[in-house]
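Heads up: the sequence shown runs through residues 9 to 275, numbered per the working numbering.
Keep in mind that the hints were calculated from the coordinates and are not lab data.
The reader is advised that the hints may include incorrect statements.
As the list claims (entries may be wrong) - Derived lysine-lysine pairs resembling PhoX-like cross-links, with alpha carbons at most 20 Å apart: (1) K37 <-> K260; (2) K37 <-> K72; (3) K253 <-> K37.
What the hints assert, rightly or not - Between beta-carbon pairs, the in silico distance windows are: (4) I266 <-> A103: 24 to 34 Å; (5) R56 <-> R264: 24 to 34 Å; (6) L91 <-> P241: 45 to 55 Å; (7) R99 <-> E208: 19 to 29 Å; (8) L59 <-> K267: 17 to 27 Å.
Backbone N, C-alpha and C fix where the C-beta goes; we use that ideal spot for every residue, glycine too.
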Amino acid sequence: MRTLAHISDLHFGREDPALIRELLADLRKLEPTLVAVSGDLTQRARRRQFLAARAFLERIPCPKIVVPGNHDIPLYDPVRRFLLPLHRWRRYITADMDPFYRDAEMAVLGVNTARSLAFVNGRISDRQITLLRNRLCSIPDRTFKIVVTHHPFIPPPIPPYSIVGRAAKALAVLEECGVDLLLAGHYHLGYSDDIRSHHETIRSRILVSQAPTLSTRLRHEPAAYNVYTIDPPVLTLVVRSWNGKRFVTARKTRFREIKKTWSAVGS
9 MRTLAHISDL HFGREDPALI RELLADLRKL EPTLVAVSGD LTQRARRRQF
59 LAARAFLERI PCPKIVVPGN HDIPLYDPVR RFLLPLHRWR RYITADMDPF
109 YRDAEMAVLG VNTARSLAFV NGRISDRQIT LLRNRLCSIP DRTFKIVVTH
159 HPFIPPPIPP YSIVGRAAKA LAVLEECGVD LLLAGHYHLG YSDDIRSHHE
209 TIRSRILVSQ APTLSTRLRH EPAAYNVYTI DPPVLTLVVR SWNGKRFVTA
259 RKTRFREIKK TWSAVGS
């Protein structure tokens with residue numbers, strides 16, 4: 009059994025210091041196997057925002073995988089945006105743009121979908137699709153496989169929204185490799201569904217789960233993060249929501265793999 013905490017869209021520069029303090033305390037109590045951070049660590053990719061994000065990451069007391077989001081690329085500095093889009097990310101956060109974690113039960117690969125041109129929706133390159141195949145297809149199916157991106161593979165239930173560029177091409181490889189779970193952020197909304205709810209050509213079950221924001225840039229719901237307990241064939245999702253003073257459990261959902269389909273089976 010493994011536990012993974014999924015946090016996203018911290019937007020340092022628009023953070024709530026009390027929330028950040030209690031988030032770290034909540035993670036220390038949880039002691040997850042891994043923390044996945046799915047992008048938008050900063051609000052405008054400024055140096056001081058990256059320094060604050062790095063200080064936060066250094067205080068997480070467990071292994072972590074971190075990928076950038078579109079807000080981690082400068083928007084209003086055209087020279088940096090197009091010539092050095094992730095220079096500050098590499099300098100202050102990590103130079104590893106393809107972070108990978110594996111243990112006896114779980115394999116997690118981070119993929120950078122942030123782009124200077126496809127700024128809002130993001131994109132996956134052919135090189136990254138090849139990397140997905142090379143890293144994940146050789147891992148036995150008994151290992152629970154997870155991919156972390158900033159931009160999502162299915163849109164939220166509130167339209168109109170888009171999905172990451174080249175999603176269909178990437179999903180063909182993810183299906184081939186037997187990926188179980190896709191994690192992302194971007195829209196500041198929490199939602200989960202089977203990939204086939206939006207991609208009818210996919211025949212295998214892949215659960216998609218989005219994390220809300222942990223900044224003050226809220227959209228229709230409180231700041232929150234997700235906790236997954238992985239105990240195949242059951243995956244339990246707990247939403248830890250910020251109530252202004254502390255994080256509390258707002259929702260708990262159990263998914264069971266039944267006939268190659270993820271089905272919600274209650275709390």
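A quick look at each hint next to the structure:
{"no.": "1", "hint": "K37 <-> K260", "verdict": "holds (18 Å)"}
{"no.": "2", "hint": "K37 <-> K72", "verdict": "holds (16 Å)"}
{"no.": "3", "hint": "K253 <-> K37", "verdict": "holds (16 Å)"}
{"no.": "4", "hint": "I266 <-> A103: 24 to 34 Å", "verdict": "violated (42 Å)"}
{"no.": "5", "hint": "R56 <-> R264: 24 to 34 Å", "verdict": "violated (46 Å)"}
{"no.": "6", "hint": "L91 <-> P241: 45 to 55 Å", "verdict": "holds (48 Å)"}
{"no.": "7", "hint": "R99 <-> E208: 19 to 29 Å", "verdict": "violated (43 Å)"}
{"no.": "8", "hint": "L59 <-> K267: 17 to 27 Å", "verdict": "violated (49 Å)"}
The structure fails hints 4, 5, 7, 8 (numbered hints given earlier, in ascending order).
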